[in-house]
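Please take these sequences and the hints and turn them into a complete structure.
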Amino acid sequence: MKQMSRNRGEPGRQTHQVLQSKQERPHLVSLGSGRLSTAITLLPLLEGRTTLGSEGTDIPLQGPGVAAQHCYIENDAGSITLYPCGNQCSVDGLPITKPHRLTQGCMLCFGQSAFFRFNHPEEALRMKSLLPGLSNTGTQPSGKKPFSLLLLIYSA
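Numbering (UniProt numbering), first residue to last: 1 to 156.
Be a bit skeptical, because a hint or two may be false.
[Unchecked claim] For each label pair, taking beta carbons as the anchor points, the in silico distance ranges come out as:
| id | residue 1 | residue 2 | range |
| --- | --- | --- | --- |
| 1 | Ser129 | Arg35 | 30 to 40 Å |
| 2 | Thr97 | Gly48 | 15 to 25 Å |
| 3 | Leu36 | Pro132 | 35 to 45 Å |
| 4 | Asp76 | Gln17 | 20 to 30 Å |
| 5 | Leu130 | Glu55 | 15 to 25 Å |
| 6 | Ser37 | Pro132 | 33 to 43 Å |
| 7 | Thr51 | Pro121 | 17 to 27 Å |
| 8 | Gly65 | Gln17 | 30 to 40 Å |
| 9 | Ala124 | Leu94 | 35 to 45 Å |
If you are wondering where the hints come from, they were derived from the structure by calculation, not from laboratory data. In this text, all values refer to a predicted model and were calculated from it rather than measured experimentally. Using N, Cα and C, we set each Cβ at its ideal position, and we do this for glycine too.
What follows is the structure in structure tokens.
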């Protein structure tokens, strides 16, 4: 994590902790494998093939409907494609049965409960440059950088 700040409140009030991580390569953000999961994991998608499944894969998956060799993701010079290999995969809630190019921010589900968000920082920067009111650096006139990954953790 590149930045971690802690704001301590008055006694008896909640403490807020914000974690921000800036990544340069395409990656998956694991949203856990069910309602009881509290972890978030960043998984880089390096050049070449990344395998996903429950046994002997680059990214291990758990949960109902997950096959041993569930699917793979190919990174070909920054173009990222999901290959479902005949197993249950969905992109933004829609089942896919053939290779599918992933785009910034899409939501993935493998099996019935392995959820991920796909992030492609380079693609996000290109998308931000097309938004009105943003400069070429992706900053707003106020100087703030939008669309960062922020995690807010509350504790008593």
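Do the hints match the structure? See the list:
1. Ser129 / Arg35: 30 to 40 Å: holds (37 Å)
2. Thr97 / Gly48: 15 to 25 Å: holds (23 Å)
3. Leu36 / Pro132: 35 to 45 Å: Between leucine 36 and proline 132, where Cβ atoms are some 42 Å apart, the hint holds.
4. Asp76 / Gln17: 20 to 30 Å: Distance hint for aspartate 76, glutamine 17 is violated at roughly 38 Å.
5. Leu130 / Glu55: 15 to 25 Å: At 42 Å between Cβs, range violated.
6. Ser37 / Pro132: 33 to 43 Å: holds (38 Å)
7. Thr51 / Pro121: 17 to 27 Å: The hint (17 to 27 Å, Cβ to Cβ) holds, given that threonine 51 and proline 121 are roughly 23 Å apart.
8. Gly65 / Gln17: 30 to 40 Å: Once the Cβ atoms are compared, 34 Å apart, the range 30 to 40 Å for glutamine 17 and glycine 65 holds.
9. Ala124 / Leu94: 35 to 45 Å: Violated - the Cβ-Cβ distance for alanine 124 and leucine 94, about 21 Å, lies outside 35 to 45 Å.
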